[in-house]
Amino acid sequence: MIARKKVYNELEKRFNRLVGTSATNLCTHCGWCIESCHIFKATGNPEHSPVAKAEKVRKVLKRKHDWLSKIFPKWTGAEDLSEKDIDDWLEAAFKNCTLCERCVINCPMAVETPQLLGAARGVLTSMGKSPEILVQLTDAAIAREKNMAMMEGFFRKQIKKLEIQVQEKIGDPTARIPLSEEADILYVPLSGVHTMLPAAVIFNMAKASWSMSLFEASNYGLFVADIPKAKIIVERILKEAERVKAKTIVVTECGHAYGVLKWEAPKWFNKKFDFEVKSILEVMDEYVSQGLLQIDPSKNPEAVTYHDPCNMGRKGGIFEEPRRVIKAASLDYREMTPNRVENFCCGGGAGMVACDEWQEDRLLYGSMKVSQIKDIKVSKVVTACDNCLHQIKELGEKNELDISVSNVSEFLVNALVYPEKN
Amino acid sequence: MHFVEYELQAIAIIWMIILYTIKAIQLSRLPMPWEKETKKGNPTKGVLLSYASIFMPWSVESSRDHFWRWFGFALYHVGCLIAIINTFTFTFAPGMMTPTVKIVFSILIAPAILIGFLKFFRRLIRPEIRHISTPDDYFSLLSLQLFFFTGIMALLVNTPFWRTSYYIITAAFLFYVPFSKISHYIYFFFARFLTGKRYGWRGIIPQNTAK
Numbered sequence: 000m001i002a003r004k005k006v007y008n009e010l011e012k013r014f015n016r017l018v019g020t021s022a023t024n025l026c027t028h029c030g031w032c033i034e035s036c037h038i039f040k041a042t043g044n045p046e047h048s049p050v051a052k053a054e055k056v057r058k059v060l061k062r063k064h065d066w067l068s069k070i071f072p073k074w075t076g077a078e079d080l081s082e083k084d085i086d087d088w089l090e091a092a093f094k095n096c097t098l099c100e101r102c103v104i105n106c107p108m109a110v111e112t113p114q115l116l117g118a119a120r121g122v123l124t125s126m127g128k129s130p131e132i133l134v135q136l137t138d139a140a141i142a143r144e145k146n147m148a149m150m151e152g153f154f155r156k157q158i159k160k161l162e163i164q165v166q167e168k169i170g171d172p173t174a175r176i177p178l179s180e181e182a183d184i185l186y187v188p189l190s191g192v193h194t195m196l197p198a199a200v201i202f203n204m205a206k207a208s209w210s211m212s213l214f215e216a217s218n219y220g221l222f223v224a225d226i227p228k229a230k231i232i233v234e235r236i237l238k239e240a241e242r243v244k245a246k247t248i249v250v251t252e253c254g255h256a257y258g259v260l261k262w263e264a265p266k267w268f269n270k271k272f273d274f275e276v277k278s279i280l281e282v283m284d285e286y287v288s289q290g291l292l293q294i295d296p297s298k299n300p301e302a303v304t305y306h307d308p309c310n311m312g313r314k315g316g317i318f319e320e321p322r323r324v325i326k327a328a329s330l331d332y333r334e335m336t337p338n339r340v341e342n343f344c345c346g347g348g349a350g351m352v353a354c355d356e357w358q359e360d361r362l363l364y365g366s367m368k369v370s371q372i373k374d375i376k377v378s379k380v381v382t383a384c385d386n387c388l389h390q391i392k393e394l395g396e397k398n399e400l401d402i403s404v405s406n407v408s409e410f411l412v413n414a415l416v417y418p419e420k421n
Numbered sequence: 000m001h002f003v004e005y006e007l008q009a010i011a012i013i014w015m016i017i018l019y020t021i022k023a024i025q026l027s028r029l030p031m032p033w034e035k036e037t038k039k040g041n042p043t044k045g046v047l048l049s050y051a052s053i054f055m056p057w058s059v060e061s062s063r064d065h066f067w068r069w070f071g072f073a074l075y076h077v078g079c080l081i082a083i084i085n086t087f088t089f090t091f092a093p094g095m096m097t098p099t100v101k102i103v104f105s106i107l108i109a110p111a112i113l114i115g116f117l118k119f120f121r122r123l124i125r126p127e128i129r130h131i132s133t134p135d136d137y138f139s140l141l142s143l144q145l146f147f148f149t150g151i152m153a154l155l156v157n158t159p160f161w162r163t164s165y166y167i168i169t170a171a172f173l174f175y176v177p178f179s180k181i182s183h184y185i186y187f188f189f190a191r192f193l194t195g196k197r198y199g200w201r202g203i204i205p206q207n208t209a210k
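Those protein sequence lines, which keep their order, are chains A and B.
According to numbering that gives the first Met the number 0, the first sequence is numbered sequentially starting from 0.
According to numbering that gives the first Met the number 0, the second sequence is numbered sequentially starting from 0.
None of these hints come from the bench; they were simulated from the model.
Just to be clear, a hint being listed does not mean it is correct.
Below, computed lysine-lysine pairings styled on PhoX-like, alpha-carbon distance capped at 20 Å [claimed, not checked]:
#1 A:K271 - B:K38
#2 A:K238 - A:K277
#3 A:K238 - B:K35
#4 B:K35 - A:K266
#5 A:K298 - A:K271
#6 B:K35 - A:K277
#7 A:K270 - B:K35
#8 B:K38 - A:K246
#9 A:K271 - B:K35
#10 A:K266 - B:K39
#11 A:K271 - A:K246
#12 A:K55 - A:K128
#13 A:K69 - B:K22
#14 A:K397 - A:K40
#15 A:K238 - A:K128
#16 A:K270 - B:K39
#17 A:K4 - A:K69
#18 A:K373 - A:K40
#19 A:K5 - A:K83
#20 A:K12 - A:K168
#21 B:K38 - A:K270
Restraint ranges, calculated between C-beta atoms of paired labels, are given here [unchecked claim]:
#22 A:H389 - B:M55: 49 to 55 Å
#23 A:A205 - B:F188: 57 to 63 Å
#24 B:L141 - A:S378: 41 to 47 Å
#25 B:F188 - A:V416: 25 to 31 Å
#26 B:F116 - A:M126: 56 to 62 Å
#27 A:G43 - B:M55: 52 to 58 Å
#28 B:F116 - A:D401: 47 to 53 Å
#29 A:A205 - B:L117: 55 to 61 Å
#30 A:D401 - B:L117: 44 to 50 Å
#31 A:G43 - B:L47: 35 to 41 Å
#32 B:T43 - A:S190: 36 to 42 Å
#33 A:D183 - B:W57: 28 to 34 Å
#34 A:Q157 - B:L29: 57 to 63 Å
Computed from a predicted structure; not experimentally measured.
Each residue gets a CB set at the ideal place from its N, CA and C atoms; glycine is no exception.
Make the full structure from the sequences, and use the hints.
Quick look at the structure:
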């Protein structure tokens with residue numbers, strides 16, 4: 000039996016103006032959002048349309064808040080919460096929606112379906128019903144700080160080894176990877192070397208005052224809509240930024256991490272931070288436009304395209320920066336259609352990539368991305384989000400697209416000209 | 000007839016205004032997570048574009064790729080707007096309702112009836128739309144059809160029967176609207192403002208290159 004009162008309480012906690020407006024009669028069930036959803040397009044299942052997914056949450060909220068639904072629920076499709084709703088929410092909010100917001104921009108009324116499904120995610124998490132792996136990854140990130148004393152020594156040794164690689168790469172024995180030291184820039188990577196090495200090369204080449212964070216940017220608390228935990232994960236980075244007197248936090252190529260640090264965290268903490276938050280995409284764009292990096296685009300001769308991660312683009316406002324960088328570092332840049340604000344989600348967003356049990360569905364949900372890539376006949380896809388990176392790699396393998404996938408900084412570093420090699 | 004034509008209409012309009020005011024107060028009391036980070040774009044432009052996009056079918060994929068659907072939507076809402084204006088002018092400004100104005104109003108409302116039927120059948124026929132349709136969806140559509148039809152008949156035929164029918168239907172309609180999905184025309188302004196402001200703030204819109 001579900002604790003119905005608890006569910007309602009948790010839902011009420013998340014009943015803000017965005018959720019509240021979208022839970023009213025704002026949605027006319029016109030169906031314009033249906034074809035905008037990459038998941039519906041991939042499956043054709045009416046249950047997978049944005050409006051059908053939103054309705055699973057809206058019907059419960061309407062029963063509680065809508066005048067007519069309180070008296071004649073059947074008339075408006077409203078329903079009391081049932082056991083089945085919880086299972087339906089898990090499917091609708093976690094498995095069958097990547098919260099990409101493509102439906103929002105295509106809805107004539109601007110119904111915020113991802114806000115409704117995000118609220119459902121939060122409720123499920125509070126009841127212990129969210130995908131276990133996402134909760135574990137959230138908890139692991141928090142545990143890392145608790146074991147920092149033990150981890151730090153090991154991490155520093157690893158970074159020292161990486162520092163040697165950077166020195167060899169750019170031919171500069173003074174090149175460094177400062178770790179949590181005083182600097183203008185605090186760079187927050189992911190745990191993978193591919194988010195550390197290229198960034199270190201770029202910062203060293205640009206002679207930036209920078210330091211790498213002890214913590215990783217990834218924040219699965221966002222995916223499970225567990226804001227208290229997400230705040231803990233963010234707060235340590237904020238404290239570190241204060242400690243190293245950073246003027247700017249630069250977030251690695253990770254869509255949700257950028258969204259969290261740039262847009263969501265200031266709202267969670269209800270304050271504007273003393274430092275700026277930027278994506279490394281913006282920083283690379285600045286360095287390229289300022290001529291701080293010498294680039295030879297002929298080092299990247301293959302046909303290349305850029306996939307807009309939803310959290311960077313449609314939810315974050317970064318569209319042109321990566322394009323300018325890639326165009327400067329390549330000879331044959333091609334654009335997928337649609338792109339930018341209308342780009343299709345890769346199908347792996349909002350935690351899907353981490354959920355092995357949904358791998359088959361996830362790869363099906365990437366169908367639109369596969370056909371977009373096929374249409375422009377490229378051999379390389381560049382993106383700026385680790386989830387997208389993994390998903391597009393898997394899509395490429397499964398669909399025999401014969402493509403390589405990299406992030407923007409790796410692509411740029413491949414085209415850099417190092418002074419002693421001139 | 001006088002009561003139906005004046006007092007009943009006034010009561011219905013006041014009723015609608017009171018209910019919408021209550022709803023607006025309820026919504027505005029809900030917490031709103033406004034953006035705190037320094038803006039990257041222009042929220043004012045974002046809000047304006049958010050409202051304007053409904054008139055710019057080329058700017059949104061769901062309109063651009065389904066132009067005739069958008070065109071039908073536009074005609075339908077023009078019909079709605081004229082029918083709403085007519086509820087005021089027909090009753091409270093009969094002097095301006097010259098034969099020419101009546102014909103123009105009827106011509107603008109008539110396509111909405113045709114499109115209303117198309118919308119109704121689309122809702123019945125397409126599985127993914129039928130799947131999400133509620134009795135209120137069908138009833139709202141049909142009640143609007145009745146509202147349009149009696150409006151045209153009152154404008155063109157203007158017999159006591161059609162005038163009385165029109166006034167009664169209009170009053171009933173106004174009493175029902177705040178409870179139904181037809182209310183979307185009010186919530187639209189809230190939702191588009193909130194979304195447009197966020198998207199503008201973050202520099203997501205305006206964008207000039209989406210295809």
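Hints versus structure:
Pair hint K271 (chain A) plus K38 (chain B) holds up; C-alpha atoms about 11 Å apart against a cutoff of 20 Å. Pair hint K238 (chain A) plus K277 (chain A) holds up; C-alpha atoms about 17 Å apart against a cutoff of 20 Å. Simply put, K238 (chain A) and K35 (chain B) have alpha-carbon atoms about 18 Å apart, close enough for the 20 Å limit, and the pair holds. Restraint check for K35 (chain B) and K266 (chain A): satisfied, since their Cα atoms lie roughly 6 Å apart, inside the 20 Å limit.
Only pairs whose Cα atoms come within 20 Å are accepted, and K298 (chain A) paired with K271 (chain A) is rejected, the gap being roughly 41 Å. A threshold of 20 Å between alpha carbons decides the hint, and for K35 (chain B) with K277 (chain A) the separation of about 15 Å falls inside it, so the pair holds. Between the alpha carbons of K270 (chain A) and K35 (chain B) the distance comes to roughly 6 Å, so the proposed pair stays at or under 20 Å and holds. With a CA separation close to 17 Å, the supplied pair K38 (chain B) and K246 (chain A) stays within the 20 Å bound.
Between the alpha carbons of K271 (chain A) and K35 (chain B) the distance comes to roughly 5 Å, so the proposed pair stays at or under 20 Å and holds. Simply put, K266 (chain A) and K39 (chain B) have alpha-carbon atoms about 16 Å apart, close enough for the 20 Å limit, and the pair holds. Between the alpha carbons of K271 (chain A) and K246 (chain A) the distance comes to roughly 13 Å, so the proposed pair stays at or under 20 Å and holds. Distance check on the hinted pair: K55 (chain A) and K128 (chain A) sit about 16 Å apart at the alpha-carbon level, within 20 Å; holds.
A threshold of 20 Å between alpha carbons decides the hint, and for K69 (chain A) with K22 (chain B) the separation of about 15 Å falls inside it, so the pair holds. At most 20 Å may separate the alpha-carbon atoms for a hinted pair to count; K397 (chain A) and K40 (chain A) meet this at roughly 19 Å. With a C-alpha separation of about 32 Å, the suggested pairing of K238 (chain A) with K128 (chain A) is violated against the 20 Å cut-off. Annotation: proposed proximity of K270 (chain A) to K39 (chain B) holds, straight-line Cα distance about 17 Å (limit 20 Å).
A distance of roughly 17 Å separates the Cα atoms of K4 (chain A) and K69 (chain A); the hinted pair therefore holds under the 20 Å criterion. The suggested pairing of K373 (chain A) with K40 (chain A) holds, with an alpha-carbon distance near 17 Å, which does not exceed 20 Å. The suggested pairing of K5 (chain A) with K83 (chain A) holds, with an alpha-carbon distance near 16 Å, which does not exceed 20 Å. A hinted pair counts as satisfied when its Cα atoms are at most 20 Å apart, and K12 (chain A) with K168 (chain A) does not qualify at roughly 51 Å.
Between K38 (chain B) and K270 (chain A), the direct Cα distance comes to roughly 14 Å. Compliance with the 20 Å bound is thereby established for this hinted pair. For H389 (chain A) and M55 (chain B), the Cβ-Cβ distance of about 37 Å falls outside the hinted range of 49 to 55 Å, so the restraint is violated. Roughly 47 Å separates the CB atoms of A205 (chain A) and F188 (chain B), a value that falls outside the hinted 57 to 63 Å. The hint said 41 to 47 Å for the Cβ distance between L141 (chain B) and S378 (chain A), and at roughly 56 Å that hint is violated.
A hinted range of 25 to 31 Å for the beta carbons of F188 (chain B) and V416 (chain A) is inconsistent with their spacing of about 54 Å. For F116 (chain B) and M126 (chain A), the Cβ-Cβ distance of about 45 Å falls outside the hinted range of 56 to 62 Å, so the restraint is violated. Taken as a hint, the range 52 to 58 Å is violated for the pair G43 (chain A) and M55 (chain B), whose Cβ atoms sit roughly 29 Å apart. At about 51 Å, the CB distance of F116 (chain B) to D401 (chain A) agrees with the hint of 47 to 53 Å.
Between A205 (chain A) and L117 (chain B) the beta carbons are some 59 Å apart, a value that agrees with the proposed interval 55 to 61 Å. At roughly 46 Å, the beta-carbon separation of D401 (chain A) and L117 (chain B) lies within the given 44 to 50 Å, and the hint holds. Taking the beta carbon of each, G43 (chain A) and L47 (chain B) are about 36 Å apart, inside 35 to 41 Å as hinted. Between T43 (chain B) and S190 (chain A) the CB atoms are about 41 Å apart, so this pair conforms to the stated range of 36 to 42 Å.
Checking the proposed 28 to 34 Å range against D183 (chain A) and W57 (chain B) shows it is violated: the Cβ atoms sit about 44 Å from each other. Between Q157 (chain A) and L29 (chain B) the Cβ separation comes to about 47 Å, which falls outside the hinted range of 57 to 63 Å.
In this structure, the earlier hints numbered 5, 15, 20, 22, 23, 24, 25, 26, 27, 33 and 34 are contradicted, and the remaining ones agree with it.
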